[in-house]
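Participant: Respectively, the protein sequence lines represent chains A and B. In terms of the numbering used here, the first sequence opens at residue 1 and continues consecutively. In terms of the numbering used here, the second sequence opens at residue 377 and continues consecutively.
It cannot be assumed that every hint is accurate.
[Said to hold, decoys possible] One side only, chain B facing chain A, incomplete, derived with CB under 10 Å:
1. T385
2. F405
3. M411
[What the hints assert, rightly or not] Residues of chain A clear of chain B, computed beta-carbon distances all greater than 12 Å:
4. T6
5. V13
6. A14
7. G60
8. N101
9. I197
10. K198
11. R203
12. K208
13. I211
14. Q255
15. L341
Simulated from the structure, these hints should not be mistaken for laboratory data. Only a predicted model underlies this, so the values are computations on that prediction, with no experimental measurement involved. Here a beta-carbon is modelled for each residue, glycine too, at the ideal position from N, C-alpha and C.
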Amino acid sequence: MNGLMTLWADTGVANFQWPELVMMAVGGLLLYLAIARKFEPLLLLPIGFGAILANIPNAGFNDEGGMLYYIYHIGIETGVFPLIIFMGVGALTDFGALIANPKTLFLGAAAQFGIFATLFGAILLNLVPGFEFTLADASAIAIIGGADGPTAIFLASKLAPDLLGAIAVAAYSYMALVPIIQPPIMRALTTPEERQIKMEQLRPVSKKEKIIFPLAVLFMTILFLPAATPLVGMFCLGNLMRESGVVDRLSSTAQNELINIVTIFLGLGVGSKLSADKFLNLETLGILGLGAIAFSIGTASGVLMAKAMGRFSKSPINPLIGAAGVSAVPMAARVANKVGLEANPHNFLLMHAMGPNVAGVLGSAVAAGVLLAIVG
Amino acid sequence: MDITGSLVTAFMLLGLGMAFVYMFLGLLFICINLMAKYIPADKPVISAKRKAPVATQAANQTQVSPQVIAAITSAVQQYRKARTV
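Go ahead and model the full structure; you've got the sequences and the hints to work with.
Facilitator: Right under this line is the structure:
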């Protein structure tokens, strides 16, 4: 009988508590979004499963010695996983559209306004009872506006590790919701005539330019913002491997096997932070709300900047491509293309939108570097 | 936490951060323009394999066989005769 009682005491049924059940339901919701709705499945599936594993009573996944404990401390706390993902993203990125039309760099810069503007929202939330965000917390939350998952995770792991789970979930959720969040803002800020603007064909970019570009970016980061070199450096390494054409095997590994393996562990590691005590609180709601605001402001800033540039530019600029400045590669560029096609079925903006899109990746990495240098 | 102090810091971060992002990407803009100016464009690659068949095809087109010329000539003559009659 004692054996039976001991066995019963070790079952999940006997040990479940409501917060853990709620968090497992949150994990189930993330799995549903990933599988049924195809929302960022590569990340939300392992995150959702990690959330379920992390909340299993008596399993000890998050305790010292548990698998998720080690995954988190080795890969995320050290910042290694997001950086390896960034290397893979660099290897996947073609900067041709940006090099062909460098003006789009300013659209990528404008969209970062969402990050810095959200700092105010996070600080003002402290006026509401139940919220207690420090400036470091506010900075980590604001980076959601950059719509760049690895950058958000990297910065959160450095500035606000306790908020990492909520920040990562918010960042990836909003990236998945780009096709829903952005179009109304883009339509509200542009006229039908502006959405129909056709842009000039991009010039061909030489191989040498593509090889020198990542080296130039790295050199500038070393000179002006060493705090951003972990992110920018890994990104440039991946891109140089791609463009140099002499290490196709390494480039292929960074683009495929390595990024896939690390994505699994990154997702599980983020999921491990979705424990009831850290996620089920008012602050998570605040983070989700602030993330949406940051994202919307970033989109609006990009569109408005594109409109302003269009007035002074010799070559026409369709303001829709400004919305792609928030990163979220390549989803934001696809959305700009789709909204453009609605206005003019013969106007393909995808390649033009890829310029601000990849500029946004650089812009958000620079913004993260600034926050890390000043607040960190 | 002192809200006013934090808001002032956030305002400073906003100004400094945006200025820095613009400065950084602005310098990159200059860099890319310099690259476009001084780095020569890739030469178009024309493979010898593709060139050869085009040349032979062109040569073939200019060399029409005498039999074809004779056939066309006789057809034209027959047509003219038929018209005059």
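Participant: Does each hint fit the structure? Answer for all of them.
Facilitator: Hints, verified against the model:
no.	hint	in the structure
1	T385	holds, 6 Å
2	F405	holds, 5 Å
3	M411	holds, 5 Å
4	T6	holds, 48 Å
5	V13	holds, 43 Å
6	A14	holds, 42 Å
7	G60	holds, 35 Å
8	N101	violated, 9 Å
9	I197	holds, 22 Å
10	K198	holds, 22 Å
11	R203	violated, 8 Å
12	K208	violated, 5 Å
13	I211	violated, 10 Å
14	Q255	holds, 23 Å
15	L341	holds, 28 Å
Checked against the numbered hints above, the structure breaks hints 8, 11, 12, 13 and satisfies the rest.
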